[in-house]
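Colleague: In case you want the letters, here they are:
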Amino acid sequence: MKPIQSLEFSAGLFLLLGIVGMILLATQSTNYSSIVRGPTYHLTARFSNAGDLKLRAPVTVGGVTVGAVDSISLDPESFEAVVGMRISRRYDAITDDSTASVLTSGILGDQYIGIDPGGSPEVLKDGDEFLVTQSAIVLEQLIGKYMFNSDSSEDKK
Amino acid sequence: MNKMIRSCVYDPLRNLGDGGVFMGQVVLSVHPGRRLLAAVMRQLYFIGTRSLVIIMTCGFFVGMVLALQGYRTLSTFGATNAVGTMLGLALYRELSPVLTALLFAGRAGTSVAAEIGLMKATDQITAMELMAVDPMERVVAPRFIAGVIAMPLLTILFEAMALLGGMIFAVWVMGVDSGIFWGNMQQNVDFYSDLVIGLYKSTIFGVIGSLIAVHAGFRATPTGEGIGSATTQTVVASAILVLMFDFILSSFLVV
Amino acid sequence: MTNSDQPAIRIKDLCFCRGDRPILKDISLEVPKGALVAVMGPSGAGKTTLMQLITGELMPERGGVEVNGDCVSELNHKELFAYRRRIGVLLQSSALFTDLTVFENVAVPIREHTHLPESILRRLVLSKLEAVGLRGAANLMPAELSGGMGRRVALARAIVLDPQLILYDEPMTGLDPISLGAVMRVIKELNQTLGLTSVVVTHKVEEMAHLVDYCYLLSDTHMVARGTPADLMKDPSESVRQFMNGLPDGPVPFHFPAPPLAAELLA
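Residue numbers (the numbering used here), protein chains in the order written: chain A, 1 to 157; chain B, 158 to 412; chain C, 413 to 679.
Bear in mind the hints are in silico, worked out from the structure with no lab data behind them. Among the clues, some could well be false.
[As the list claims (entries may be wrong)] Partial list, derived from the structure: chain C residues whose beta carbon lies under 10 Å from chain B: (1) 427; (2) 429; (3) 467; (4) 471; (5) 488; (6) 496; (7) 513; (8) 528; (9) 573; (10) 574; (11) 588; (12) 622; (13) 626; (14) 646; (15) 649; (16) 651.
No experiment lies behind these values; they were computed from the predicted model shown. Glycine included, each C-beta is placed from N, C-alpha and C at the ideal position.
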């Protein structure tokens with residue numbers, strides 16, 4: 001009986017090792033900790049250009065992740081991009097005059113939604129929409145603007 | 158000409174069909190209970206624990222060489238801080254599931270095939286049937302189940318050792334800052350689309366590899382030559398099917 | 413017609429072919445309960461095939477095998493498994509499970525088919541090992557046993573659930589005289605003390621003569637003789653004479669069929 005017991009013990013240890021390894025890898029080497037958990041509420045924002053925004057892109061306030069994008073769709077009448085996001089209920093004091101902007105992380109990184117808080121006494125509740133939004137900056141338009149500006153400034157000289 | 162068609166098309170297809178039927182028989186023969194659990198735990202030791210040495214050692218060296226080659230390439234872009242990210246992404250999605258599956262086929266798959274083949278050759282399977290013991294339930298199913306359980310666990314341990322090896326090389330040898338190494342990785346490696354997808358893949362590979370091993374062993378001709386051929390078949394078929402399914406799964410698991 | 417009148421095995425007009433080749437033709441025999449009989453014949457005569465037809469591993473083309481009233485070829489999968497629990501089979505290669513001890517090997521049928529508690533299981537296993545004379549070897553592994561000992565352990569495993577019938581496939585082949593004597597003694601004792609109907613497939617004429625009550629001789633797909641060992645010794649027919657006396661040439665030829673020698677050597 002003894003040899004059989006030690007076999008099962010080793011097998012159990014192997015299982016344990018695997019599970020512990022899984023937990024360690026998940027928490028230490030991935031973005032697991034920044035995934036939003038717990039009760040959330042839903043907000044929407046409309047952008048004329050949603051840029052490169054992807055599902056599960058982070059939603060941040062002051063650089064801190066408070067939620068994630070959970071839907072991106074097109075309004076067929078106004079041709080605006082309607083972005084839905086889930087915000088953790090821990091952060092339920094986002095004022096209703098806050099700005100939601102599509103920002104780029106780093107110079108060429110992924111895009112995310114950054115919320116700039118306003119000063120209104122009212123807060124956004126589940127199902128509300130951001131009143132002020134800023135669309136994604138399209139690189140070509142930026143370069144075009146810069147070139148146009150530098151052309152016109154040279155003209156003035 | 159006919160012979161070639163036979164051996165390249167007809168036989169593999171027949172084998173595939175037989176494998177599918179066999180898997181159905183194995184699954185149907187399972188009666189959950191304490192005896193099955195004990196048998197599975199026992200096989201988990203032989204298949205899983207005994208494979209730890211090869212998996213973890215190879216994982217360690219794979220991690221080191223990935224970091225080495227990656228560092229060299231990344232340094233031409235001045236992006237050596239991304240070594241951690243590169244390691245995580247390369248390992249979790251592709252390298253660990255596939256390499257672990259191949260190593261598993263070579264070590265555990267062949268041992269299972271040979272064991273079952275030998276039991277067949279020495280009439281132990283016949284004796285079981287004559288004693289009204291279902292050999293599927295007592296011999297094949299525990300090994301199959303243990304293989305499916307062991308594969309994702311071995312993949313995780315492979316990844317862990319590979320990260321360790323990569324970290325040792327990048328941080329201790331090449332001097333990448335440890336905080337940047339881990340921080341960069343944590344930011345860019347997604348829990349769901351990288352780690353979990355990789356484990357999902359490795360479970361599928363576990364099913365494939367274990368099925369091939371038990372099937373080859375059970376269908377081996379009961380001679381010394383037959384058993385040898387069964388072990389070769391296990392490695393070859395596992396390699397081909399794992400890599401084939403890797404492509405198939407990767408193409409529709411892009412999140 | 414009480415149950416005890418029914419023969420343990422009744423085979424009627426049994427025919428079996430492998431592909432086109434007939435192996436057994438019109439075989440009929442009856443084994444009464446509690447008898448110890450032998451099925452003999454030269455290699456390839458179909459003795460093991462006959463045994464496989466009795467255990468249900470093979471299906472006959474025609475005719476039927478009845479064991480204690482059950483027609484074996486008509487049993488479905490579940491019934492076949494239940495039937496196999498009631499018979500014991502000793503294979504030529506013993507087929508012990510190499511990863512279990514002697515004790516565990518004998519315990520397999522008990523663990524599989526009953527829920528007996530460990531203490532009773534232990535007593536049952538040890539008493540069966542005692543019957544074959546190997547109680548002291550209970551903790552050895554099969555690899556540590558000699559051929560004869562292994563066969564006796566397999567025998568203990570075959571009788572552990574007290575079957576109604578036991579089939580021995582060449583139990584005396586490949587054993588030294590001492591082990592041979594031991595195995596024969598066990599077969600005889602089991603038959604006499606337990607009244608266990610026993611069928612021994614063998615080709616050892618002399619040993620068989622001292623062991624069994626009745627004997628069937630198969631040759632060239634037919635049953636060529638039946639009777640007590642003494643009857644067979646006196647049987648005048650050629651095939652019986654060749655087998656019983658070990659004559660190298662006769663109805664079973666020495667030379668495998670081949671073209672004439674002169675033609676082949678001078679070609």
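Colleague: Could you run down the list of hints and mark each one as holding or not?
Modeller: Hints, verified against the model:
For residue 427 of chain C, the interface hint is violated, since its Cβ never comes within 10 Å of a Cβ in chain B; the closest pair sits about 23 Å apart. The beta carbon of residue 429 of chain C comes no nearer than 21 Å to any beta carbon in chain B, farther than 10 Å, and the hint placing it at the interface is violated. Nearest Cβ of chain B to the Cβ of residue 467 of chain C: about 6 Å, under the 10 Å cut. The hint holds. For residue 471 of chain C, the interface hint is violated, since its Cβ never comes within 10 Å of a Cβ in chain B; the closest pair sits about 15 Å apart.
Taking 10 Å as the C-beta cut-off, the interface hint given for residue 488 of chain C is violated, the closest approach to chain B being about 14 Å. At about 4 Å, the closest approach between the beta carbon of residue 496 of chain C and any beta carbon in chain B falls short of 10 Å, and the interface hint on this residue holds. Given hint, residue 513 of chain C at the interface with chain B, is violated; its Cβ is 15 Å from that chain's nearest Cβ, farther than 10 Å. Interface restraint check: residue 528 of chain C against chain B, minimum CB-CB distance 14 Å, threshold 10 Å, status violated.
Against a cut-off of 10 Å between C-beta atoms, the interface hint on residue 573 of chain C holds, since the closest Cβ of chain B lies about 9 Å away. For residue 574 of chain C, the suggested interface contact is broken, since its CB lies about 14 Å from the closest CB of chain B, more than 10 Å. At a threshold of 10 Å, the smallest CB-CB gap from residue 588 of chain C to chain B is about 21 Å, leaving the interface hint violated. Contact between residue 622 of chain C and chain B, as hinted, is not supported at the beta carbon level, the nearest pair being about 28 Å apart and thus beyond 10 Å.
About 24 Å separates the beta-carbon of residue 626 of chain C from the nearest beta-carbon of chain B, more than 10 Å, and the hint is not met. Checking residue 646 of chain C against chain B: minimum C-beta separation of about 37 Å lies over 10 Å; hint violated. Annotation: residue 649 of chain C was flagged as interfacial toward chain B, and the flag is violated, the nearest CB pair being 35 Å apart, outside 10 Å. At about 30 Å, the closest approach between the beta carbon of residue 651 of chain C and any beta carbon in chain B exceeds 10 Å, and the interface hint on this residue is violated.
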